[in-house]
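J.: Sequence:
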Amino acid sequence: MGRAVTVATCALNQWALDFEGNLERIVRSIDIAKSKGARYRLGPELEICGYGCSDHYYESDTLLHSFQVLEKLLESPVTQDIICDVGMPVVHRNVRYNCRVIFLNKKILLIRPKIALANAGNYRELRWFTPWSKARHVEEYFLPRIIQEVTGQETVPFGDAVLATKDTCLGAEMCEELWTPNSPHIEMGLDGVEIFTNSSGSHHVLRKAHTRVDLVNSATAKNGGIYIFANQKGCDGDRLYYDGCAMISMNGETVAQGSQFSLDDVEVLVATLDLEDVRSYRAEISSRNLAASKVNPYPRVKVNFALSCPDDVAVPTCVPIQWRYHSPEEEISLGPACWLWDYLRRSKQAGFLLPLSGGIDSSATACIVYSMCHQVCLAVKNGNAEVLADARRIVHDETYTPEDPRELCKRVFTTCYMASENSSQDTCNRAKLLAEQIGSYHINLNIDAAVKALVGIFSIVTGRTPRFSVYGGSSRESLALQNVQARVRMVLAYLFAQLTLWARGMPGGLLVLGSANVDESLRGYLTKYDCSSADINPIGGISKTDLKNFIQYCIENFQLTALRSIMSAPPTAELEPLVDGRVAQTDEADMGMTYAELSIYGRLRKIAKAGPYSMFCKLINMWKEICTPREVASKVKHFFRMYSVNRHKMTTLTPSYHAENYSPDDNRFDLRPFLYNTSWSWQFRCIDKQV
Numbered sequence: 063m064g065r066a067v068t069v070a071t072c073a074l075n076q077w078a079l080d081f082e083g084n085l086e087r088i089v090r091s092i093d094i095a096k097s098k099g100a101r102y103r104l105g106p107e108l109e110i111c112g113y114g115c116s117d118h119y120y121e122s123d124t125l126l127h128s129f130q131v132l133e134k135l136l137e138s139p140v141t142q143d144i145i146c147d148v149g150m151p152v153v154h155r156n157v158r159y160n161c162r163v164i165f166l167n168k169k170i171l172l173i174r175p176k177i178a179l180a181n182a183g184n185y186r187e188l189r190w191f192t193p194w195s196k197a198r199h200v201e202e203y204f205l206p207r208i209i210q211e212v213t214g215q216e217t218v219p220f221g222d223a224v225l226a227t228k229d230t231c232l233g234a235e236m237c238e239e240l241w242t243p244n245s246p247h248i249e250m251g252l253d254g255v256e257i258f259t260n261s262s263g264s265h266h267v268l269r270k271a272h273t274r275v276d277l278v279n280s281a282t283a284k285n286g287g288i289y290i291f292a293n294q295k296g297c298d299g300d301r302l303y304y305d306g307c308a309m310i311s312m313n314g315e316t317v318a319q320g321s322q323f324s325l326d327d328v329e330v331l332v333a334t335l336d337l338e339d340v341r342s343y344r345a346e347i348s349s350r351n352l353a354a355s356k357v358n359p360y361p362r363v364k365v366n367f368a369l370s371c372p373d374d375v376a377v378p379t380c381v382p383i384q385w386r387y388h389s390p391e392e393e394i395s396l397g398p399a400c401w402l403w404d405y406l407r408r409s410k411q412a413g414f415l416l417p418l419s420g421g422i423d424s425s426a427t428a429c430i431v432y433s434m435c436h437q438v439c440l441a442v443k444n445g446n447a448e449v450l451a452d453a454r455r456i457v458h459d460e461t462y463t464p465e466d467p468r469e470l471c472k473r474v475f476t477t478c479y480m481a482s483e484n485s486s487q488d489t490c491n492r493a494k495l496l497a498e499q500i501g502s503y504h505i506n507l508n509i510d511a512a513v514k515a516l517v518g519i520f521s522i523v524t525g526r527t528p529r530f531s532v533y534g535g536s537s538r539e540s541l542a543l544q545n546v547q548a549r550v551r552m553v554l555a556y557l558f559a560q561l562t563l564w565a566r567g568m569p570g571g572l573l574v575l576g577s578a579n580v581d582e583s584l585r586g587y588l589t590k591y592d593c594s595s596a597d598i599n600p601i602g603g604i605s606k607t608d609l610k611n612f613i614q615y616c617i618e619n620f621q622l623t624a625l626r627s628i629m630s631a632p633p634t635a636e637l638e639p640l641v642d643g644r645v646a647q648t649d650e651a652d653m654g655m656t657y658a659e660l661s662i663y664g665r666l667r668k669i670a671k672a673g674p675y676s677m678f679c680k681l682i683n684m685w686k687e688i689c690t691p692r693e694v695a696s697k698v699k700h701f702f703r704m705y706s707v708n709r710h711k712m713t714t715l716t717p718s719y720h721a722e723n724y725s726p727d728d729n730r731f732d733l734r735p736f737l738y739n740t741s742w743s744w745q746f747r748c749i750d751k752q753v
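According to the numbering used here, the stretch in the sequence shown is residues 63 to 753, in order.
These aren't lab readings, by the way, just hints derived from the structure by calculation. Each hint should be verified, as a subset may be incorrect.
Stated by the list, open to error - The calculated lysine-lysine pairs, modelled on DSS-like cross-linking and capped at a C-alpha distance of 30 angstroms, are:
1. K410 <-> K443
2. K228 <-> K168
3. K680 <-> K699
4. K699 <-> K686
5. K196 <-> K356
6. K284 <-> K228
7. K98 <-> K228
8. K134 <-> K364
9. K590 <-> K610
10. K96 <-> K364
11. K668 <-> K680
12. K610 <-> K668
13. K668 <-> K751
14. K751 <-> K697
15. K134 <-> K168
16. K686 <-> K668
17. K168 <-> K196
18. K610 <-> K472
19. K134 <-> K98
20. K169 <-> K96
21. K410 <-> K494
22. K697 <-> K671
23. K686 <-> K751
24. K514 <-> K610
25. K697 <-> K668
26. K699 <-> K610
27. K680 <-> K610
Let the hints inform the model, and build the full structure from the sequences given.
T.: This is the structure:
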């Protein structure tokens, strides 16, 4: 009768507008799926052009090249005798849709447009696409001539329909549709669809994997069925890292799990499952069957093809497995490391330069680069030829094979301690020891001459010489002197990034890494155009609390003992003069709040959507054991004053790895004014009345 179906899903490291590379990875994934016996292959959302094309979706070129890639796929012998489900933009009656194009043996079976578009946080799909609003409705789509010549079809079905094969019924969902309250799989399942597919462009956020896995499993727990989930992976050209996690679930349990973080550009997951398990699971859910008897049916596209074989009694089927989750510390170690590798190889640069201060943030950034080197060596050891080729191109040595992370670090990573008269010997020693342990090429330099030259120019022009507060200067003078030091470091970082390899007789340039954490950005505790201004920042979306836990993880897993003294030292900018040779300035004293408090403010402001008054109302209960209402009011007011005064700094924030849902990233995630009325007079008056 045929009951064991073999299906495949994948995670592909696609790159926006890289049509050549995207085509190669799609074909490779189909070839792997077929070699493992799959009769159906699902790919990520918009995999043909790459998910992150943004305003390039407006261009007719993007549509043209997507159809040219589809033409190549239809013609390829690799795509024969397997149902292929690929993603691309399609214009129907002058309206642009985010679509799945499902084809078999040079015939397009169905073009299924996305019904619910992602339009929150980092997503802006409504800017480029229109949702398909005609439920269970199909229209004729007139194919472009280049596709007609391959398929022999003039029109194909376009709309909200399902596929009926000889042995089962399949229905498609796309990314956001799984997350909506009334997901299509609910009605499709009631209408007899047994296999649900979901092509996603879902990015990494710390602690998000649990939610995604729970949603996939719950999709079939109440209704029965097989759920196939595909996702993009890697950095496709911006701040996001798409974290794979391809999976297959049946009747509420995971049966196949893909990796969340990997340097493999193509990962294919195949599972063989018994359709009778779905049918028997559904048979005893009487409430489901009563609802099914009243459901409005979907249009069915009949497909003369089976996902099973007639004689499959002896075919082994997959059994449920326990999903293995990464800890947040592992996520920080792996996600940003993979993102850095993609950025490095795709930007065609020769490595990274990091101003290493000896503090937690820059040390955490250094550890992420070291983790990247670990991942590269592991991938090469496991036979990944692409990673090996990329590593050889980056270091300009065609015979090189990376085996030792420290040795690779020496080739691709330069760290630089930029001392001033306000720097302590302790931080200098910490930076040097960490650089030795991870293997980076380390530079020590002093910025005092440059700082004095700049201040000297000011003095010549104005006839005034600014002084630090400890020497009798005003707070304005002191802040300006601190900012000069910070900005000199940025200028020197870029100078050394461009010319360090030249000075060493090596080709190429370096990308400058920033190391401001998400809490400092939220508070604005950074100098505009200082070392926070860099090419990219792998920790810009990570909280100070999580970074401290990550440092502890690196001590235990990478045996980086230099991190112990870094962990125990109070965070400091070291921009004010030393007192008796020791650091007197600390971050939390400067900010007027702790990093732990900042994380709470950040979550309430962004995730809980709290303005000053709502934040005060929530915190008087949350902190009732430790603060009076008046103290809470003072803290909330101080945070909002500092946040609004410094919001302008977010407009120039270095592109940062997105890992936290309270990120203040001004690019597209956290859209706010950058010129505020910083007195918040009405809001603060409401707080005062309650106090």
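J.: Now tell me if each hint is right for this structure.
T.: Here's how the hints hold up against the structure:
For the hint linking K410 to K443, the alpha-carbon distance of about 23 angstroms falls within 30 angstroms, and the restraint holds. Among the hinted pairs, K228 with K168 is consistent with the structure: their alpha-carbon atoms are about 19 angstroms apart, no more than 30 angstroms. Under the criterion of a C-alpha separation no larger than 30 angstroms, the hint pairing K680 with K699 is consistent with the structure, at around 14 angstroms. Simply put, K699 and K686 have alpha-carbon atoms about 17 angstroms apart, close enough for the 30 angstroms limit, and the pair holds.
About 20 angstroms separates the Cα atoms of K196 and K356, which keeps this hinted pair within 30 angstroms; it holds. Of the pairs offered as hints, the one joining K284 and K228 holds, with about 25 angstroms between alpha carbons and a cut-off of 30 angstroms not exceeded. Pair hint K98 plus K228 holds up; C-alpha atoms about 21 angstroms apart against a cutoff of 30 angstroms. The suggested pairing of K134 with K364 holds, with an alpha-carbon distance near 25 angstroms, which does not exceed 30 angstroms.
For the given pair, K590 sits about 25 angstroms from K610 by alpha-carbon distance, which is consistent with the 30 angstroms threshold. Between K96 and K364 the alpha-carbon distance is near 22 angstroms, which keeps this suggested pair within the 30 angstroms criterion. As the CA atoms of K668 and K680 are separated by approximately 14 angstroms, the hinted pair is consistent with the 30 angstroms bound. A threshold of 30 angstroms between alpha carbons decides the hint, and for K610 with K668 the separation of about 22 angstroms falls inside it, so the pair holds.
The suggested pairing of K668 with K751 holds, with an alpha-carbon distance near 25 angstroms, which does not exceed 30 angstroms. The suggested pairing of K751 with K697 holds, with an alpha-carbon distance near 16 angstroms, which does not exceed 30 angstroms. Between the alpha carbons of K134 and K168 the distance comes to roughly 10 angstroms, so the proposed pair stays at or under 30 angstroms and holds. Taking the CA atoms of K686 and K668, the gap is about 22 angstroms. The hint holds against a cut of 30 angstroms.
Taken as a hint, the K168 and K196 pair is honoured in the structure, with Cα atoms around 28 angstroms apart against an allowance of 30 angstroms. Between K610 and K472, the direct Cα distance comes to roughly 25 angstroms. Compliance with the 30 angstroms bound is thereby established for this hinted pair. A threshold of 30 angstroms between alpha carbons decides the hint, and for K134 with K98 the separation of about 22 angstroms falls inside it, so the pair holds. About 18 angstroms separates the Cα atoms of K169 and K96, which keeps this hinted pair within 30 angstroms; it holds.
For a cut-off of 30 angstroms, the pair hint linking K410 to K494 stands: about 28 angstroms separates their Cα positions. Restraint check: the Cα-Cα separation between K697 and K671 comes to about 18 angstroms, which is no more than 30 angstroms; the hinted pair holds. Of the pairs offered as hints, the one joining K686 and K751 holds, with about 18 angstroms between alpha carbons and a cut-off of 30 angstroms not exceeded. Our distance criterion of 30 angstroms between C-alpha atoms is broken by K514 and K610, whose separation comes to about 35 angstroms.
For the hint pairing K697 with K668, the CA-to-CA distance comes to about 17 angstroms; that is within 30 angstroms, so the pair holds. Between K699 and K610, the direct Cα distance comes to roughly 27 angstroms. Compliance with the 30 angstroms bound is thereby established for this hinted pair. Straight-line distance between C-alpha atoms of K680 and K610 comes to about 27 angstroms, which keeps the hinted pair within the 30 angstroms bound.
The structure is inconsistent with hint 24 alone, although it conforms to all the rest.
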